[in-house]
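Peer 1: Using the sequences provided together with the hints, build the complete structure.
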Amino acid sequence: MSLACVFSGAVHGVNAVPVEVEVNASETGKIDIKVVGLPDAAVRESIDRVVTAIKNSGLRWPNKQITINLAPADLRKEGPSFDLPIAIGMVSLDQERNGALSDSALKKCAMAGELALDGRVRPVKGILPLTLQAKQQGLRAIFVPKENAVEASIVEGIYVYGIESLRDAYGLLGGSAHIRPERLDREAFFRAKQHYPIDFNEVKGQAHAKRALEVAMAGGHNVLMLGSPGTGKSMLAKRLATILPPMTEEEAIETTKIHSVAGLVDGKNSFLATRPFRSPHHTISDVGLLGGSSLPSPGEVSLAHNGILFLDELPEFRRSTLEVLRQPLEDGQVTISRAAGKFTFPSRFSLVAAMNPCPCGYLGDPSRECRCSPNQIEKYRQRISGPLLDRIDLHVDVPSVDYRELRAESGGESSAQIRERVEEARQIQLARFVSHPGTLCNADMGSRLVSEFCRLDAASERTLEQAMEMLHFSARAHDRILKVARTLADLEGERDLREVHVLEAIQYRTLDRNLWV
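Position one of the sequence shown corresponds to residue 0 (numbering that gives the first Met the number 0), numbered consecutively onward.
Be careful, since some hints might not be right.
Pairwise CB distance ranges (calculated) [unchecked claim]:
{"#": "1", "residue 1": "D285", "residue 2": "Q64", "range": "43 to 49 Å"}
{"#": "2", "residue 1": "R475", "residue 2": "G437", "range": "16 to 22 Å"}
{"#": "3", "residue 1": "P373", "residue 2": "H281", "range": "20 to 26 Å"}
{"#": "4", "residue 1": "E422", "residue 2": "S446", "range": "26 to 32 Å"}
{"#": "5", "residue 1": "E248", "residue 2": "A70", "range": "29 to 35 Å"}
{"#": "6", "residue 1": "E493", "residue 2": "Q375", "range": "26 to 32 Å"}
{"#": "7", "residue 1": "E422", "residue 2": "E503", "range": "39 to 45 Å"}
{"#": "8", "residue 1": "H281", "residue 2": "E368", "range": "21 to 27 Å"}
DSS-like, lysine-lysine: derived pairs with alpha carbons at most 30 Å apart [as the list claims (entries may be wrong)]:
{"#": "9", "residue 1": "K192", "residue 2": "K134"}
{"#": "10", "residue 1": "K106", "residue 2": "K63"}
{"#": "11", "residue 1": "K106", "residue 2": "K192"}
{"#": "12", "residue 1": "K237", "residue 2": "K203"}
{"#": "13", "residue 1": "K33", "residue 2": "K54"}
{"#": "14", "residue 1": "K134", "residue 2": "K107"}
{"#": "15", "residue 1": "K107", "residue 2": "K145"}
{"#": "16", "residue 1": "K145", "residue 2": "K192"}
{"#": "17", "residue 1": "K33", "residue 2": "K107"}
{"#": "18", "residue 1": "K29", "residue 2": "K54"}
{"#": "19", "residue 1": "K54", "residue 2": "K145"}
{"#": "20", "residue 1": "K107", "residue 2": "K54"}
{"#": "21", "residue 1": "K63", "residue 2": "K107"}
{"#": "22", "residue 1": "K33", "residue 2": "K341"}
{"#": "23", "residue 1": "K237", "residue 2": "K378"}
{"#": "24", "residue 1": "K145", "residue 2": "K134"}
{"#": "25", "residue 1": "K29", "residue 2": "K63"}
{"#": "26", "residue 1": "K63", "residue 2": "K134"}
{"#": "27", "residue 1": "K192", "residue 2": "K203"}
{"#": "28", "residue 1": "K134", "residue 2": "K341"}
{"#": "29", "residue 1": "K145", "residue 2": "K106"}
{"#": "30", "residue 1": "K378", "residue 2": "K341"}
{"#": "31", "residue 1": "K145", "residue 2": "K33"}
{"#": "32", "residue 1": "K106", "residue 2": "K134"}
{"#": "33", "residue 1": "K33", "residue 2": "K63"}
Simulated from the structure, these hints should not be mistaken for laboratory data. No residue lacks a Cβ here, since even glycine has one placed at the ideal position from N, Cα and C.
Peer 2: Pasting the structure below:
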């Protein structure tokens, strides 16, 4: 046997593309090992690891010129996941000394894994998309590192073998090793993972803020909380995921794929069944937030996909960093172009931001005096760009909690109770927009849909007109008020918007009403 072909894959964005690892032994030329097919430095370096791992595993390869081709040749190959398929391809060329393989053994499976120098197989990133690709390719099995086996076994319809060493992999192909495929009760596993360790009833007081956040999650609206330090803004934000509808299995797999590519999935946290909550520090770079670098990987906006992106101390973020949020907020995805190609990462999330009312944090606080001048307050506010503020539907005041509320035994309704209402409102919206692909909730409505689904009666029309004139609301605030009013009606199961819905929606425009300067 002078030519062997082993199936593997390369992660491209959050998906994988099939890669064939072709290994050829030739009598011509000097004894050498050469890798072609656009490998990066990590793949070229893998030859030293592979050769040492083969020797230390007691296996052999032909003492000839070895050419390794990673096809397709026009796709850049990155990372150490090709170690295992390259090694298997090399040792399969010398079956006389290593043991025979059946003719069809290599044609039925894919494999990926990094090799240690002693032949152990180490975990790699992106196993879930690689397994999905192998299934789509029609392969029957995939060999993955033992630590990645649970993550891969989430995919139905393909046998997943957790491999601990190179010798185990070769023995399994030859029939001399007996390794059981990973078994996973997907339904029970998914159900066990759908648990949040925190709950909304742990937050004391803040009835107005809780109501506003329920409205925001019910309609998929972005929200900005304003309040002095210590009023509970971060505590509220961390519990928002607990009142969102539970993730579907499809959403969970999509979210896990992103975290797998980013290297955030391991044996203990092999599957994300709860909605992600990401809270980057305000010193984060544009690349860290959006994703990218020379080897494009998901940023925080993609890691928050199907969940919450929380930006605490919003004015402290660099203005340029905040500006990169505009595309993912508008399109629900991020497109990054690099020399290696164009990569698209999903980024459909709810933006939740928090800020103090002024630089010192105590403007409007009943117990502490603000030391900021009007000019300082205005400069602080202007750190947030108009285009970003334009994409935030609710501005919520979070006041200080008084002593009696703080000492109360319960913080009120549980997350489960609030989530039930949110789910009902979301179901109403899904039914409403069934003939409008891409529109899943009220926050997604464009001007045409706002005109169609947010019609006002005479009393509501007069109320909104007076608010626009007296409070000097902008045109963008007009549409946001109508969207939020539509969500308020959905929470009550009302088909038509009423004046009370418009009035409450107006209350959630603190920044537009200019009441905090």
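Peer 1: Which earlier hints can't be squared with this structure?
Peer 2: Numbers 6, 7, 11, 26, 30, in rising order.
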